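**Student:** Okay, here's what each chain looks like letter by letter:
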Amino acid sequence: MELPLLHLALVGTPNSGKTSLFNALTGSRQKVANYPGVTVERKEGFFVTPLGRQVSVVDLPGTYSLRGRSPDEEITRDFVLGKASGETAPDLVLCVADSTNLRLTIRLLLELKRTGRPMVLVLNMFDIATRRGITVDAERLAKELGVPVVTSIAVRKGGTADLLTLTDEISAKLAAEPQENNWHALSVAELRATQREADRIISDCVSLPASPDTWTARIDAVVLHPVGGLIVLAAILFVMFQAVFAWAQPLMELLNSGFDALGEFVHATLPAGLLQSFLQNGVISGVGSVIVFLPQIIIIFLFILLLEDFGYMARAAFLMDRIMGGAGLHGRAFIPLLSSFACAIPGIMATRVIDNKRDRLTTILIAPLMTCSARIPVYTLIISAFIPARDVWGFINLQGLVMFGLYAAGIASALAVSFLIKFFMLRDYAPAPFMLELPDYKMPQLKSIAIGVYTRAKMFLHRAGTTIFSMMVLIWFLASFPQPPAGATEPAIDFSLAAIIGKALAPLLAPVGFNWQIAVALIPGMAAREVAVAALGTVYAIEGGKEAAEQIGQVLATKWSLATALSMLAWYIFAPQCASTLAVIRRETGSWTWMAVTFAYMLVLAYAASLVTYNVAVALGAG
Amino acid sequence: MTDTNDTRSQMPLGLAQRGYTGIIQHLSAGGAGSALSDIELESRLIELGFVEGARVEVLHEGLVGRDPIAVRVDNITIAVRRREAMAIIVA
Ligand SMILES: Nc1nc2c(ncn2[C@@H]2O[C@H](COP(=O)(O)OP(=O)(O)OP(=O)(O)O)[C@@H](O)[C@H]2O)c(=O)[nH]1
Ligand SMILES: [Mg+2]
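Keeping their order, the protein sequence lines are chains A and B.
Going by the numbering used here, the letters in the first sequence line up with residues 1 to 623, in that order.
Going by the numbering used here, the letters in the second sequence line up with residues 624 to 714, in that order.
Just so you know, these hints were derived from the structure itself, not from any lab.
Keep in mind that the hints are not guaranteed to be accurate.
[To be verified] Which bits of chain B does chain A cover? Going by a derived footprint, with three or more residues having C-beta under 8 Å, they are:
| id | segment |
| --- | --- |
| 1 | 632-639 |
| 2 | 669-676 |
| 3 | 687-697 |
| 4 | 701-711 |
[Said to hold, decoys possible] Heads up, incomplete: computed chain B residues facing chain A, CB under 8 Å, no partners named:
| id | residue |
| --- | --- |
| 5 | I647 |
| 6 | G653 |
| 7 | S657 |
| 8 | L659 |
| 9 | E680 |
| 10 | H683 |
Since the model is a prediction, treat every value here as computed from it, not as a measurement.
Beta carbons are placed, not taken as given, at the ideal position from N, Cα and C, and that holds for glycine.
Start from the sequences and build out the full structure, keeping to the hints where you can.
**Tutor:** Encoded structure:
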């Protein structure tokens, strides 16, 4: 008889390496980073033990207790207690501890024991503990706690061997009869007593070295210095945006000329006609114009992932706390907002670590204002076309500086909106507390960085191949049909549906300096921001006629005024042009209203910002 | 406020300067003025390891109002705002 699937759950304090362990056991690629609160969802994976037992393991958000005070902690509590809908409690709970920091986990474990679930204490990060000279009497610890104890190194090959063996041993003799669940939310006195008990056990079983991690102390002396720290933070962001331009340029040019050559090849080999136009104008000029931004996307993610895995994120949150608090934001809003630089969707999901509902809502509402990576193609395209690539003060790339400015504008407007929300809606409202563990720095794991970058690049190309491609087909179709009547003298595109739609919308957008081509590009741009770039590529390619093998950037430089370009940049700081973000806002707030509110307020801001930018620019002679 | 005992005088951690080291005497959420209820604040502080007898050291402070502070509690570092740290009485 085949044994039933064994259900394991990974529970532990935040940042103890649960997800690393999950990835090691199941071969998954869930996100790992060195700050508390990375995992906010439950994820299931499967593996087979050395003795052939089929196992399902569930990775859960980290938590300090089972009280469930924020949405992510509730997920963990409900799963462990078997309250999650359609789930039974796990057969075996793996309580994952950071071996260098056992106090909080042992207290959590004592609390978990009350649930009556069979349990194992996994002393993870044992490599770091060993290096620091921490010794743990595992046998004694197991006896004191009444649960098996095993060491593990989740990030090293074979580092989970002991855990696998132990799982086999335990699963063979798991008691069939259900144990009693005596858990109830601990009172302050019980909590205190439990922590005392944990401290006593630790002092009996663990010997700590005299000196703590000196590297972390040395780095923090600079990075958390009241003034120096802010300078370091600004410098890091600054270098990041300079790098996006400086490092990506050669690769981008390579991709660009590749697509050009491909376009010419198609032009030369295929007979003139619809197929040639579709491939050259729709696919290559459209989708290609987005794909050339892959190097930029990779560079920005490389920076973010390195900072995350190194352990800098929690420090940045510390430095920004007062500024964010002044704008009425919860202390834990920083990391979700920072993740939104990559994409607002994981950022909005990460707000689950915020315990207070109103604070969480505010953070969700402003997350889309952070400059996500989908804006990079739009920004870069326009900046490269209109801003000269010269150095200011000898060493700062002007294009990088403008990019930095756009990011800063996004951040400033997010803070401003949050401030207004607080001012008008939540006046009576005291600031929520900020309490965050600052983890020790860790050498970034090459493998997890590589996987992270790879995943992001794949996602980007996948979008280019699906969403962007299908939008491009649509745009190409709209821009090509109906065909002009025989003998028409105007450009063919003037007869197309795209021109008809664009020109109908143009009066609405004329005050902000947008022409009908932009109006057309903005509509499919609702699906995803990069689509606007691709759409402009296609529209101008078709309009330019068959011989035009120019890059979209060069075309824009001749067709748009500087004022229009700046207005477009301003538009994209705010515009709510991402259907998936709106869908996630709907899901996470559980309300259509908040989705509509986000859409409306961002649209209004976008229009207003463009209006001001355009008119100021025209007044200054850039029209 | 002076203390006549031979021990150091008690004070809230929220008033401590950078470099201060001391031992937690007790928690008293009542006067802290946090947005959290007293019970909630005490629970959270204990969950982060702020219990009686723990050794604390103020490692870093922020720029504006020297807030928040980074506190070493035994062998981990926790960032808290001074407002919440007012509930931690040290000596
Ligand atoms: N040296 C070493 N580093 C580890 C080990 N396990 C995890 N890490 C690192 O510890 C950090 C946290 O790991 P995660 O797996 O994200 O931790 P988590 O428990 O899932 O965190 P949350 O989801 O925030 O609760 C990452 O930087 C990992 O690379 C280990 O055994 N040894
Ligand atoms: Mg995790």
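**Student:** Kindly indicate which numbered hints from before are broken by the structure, ordering the numbers from low to high.
**Tutor:** 1, 5, 6, 9
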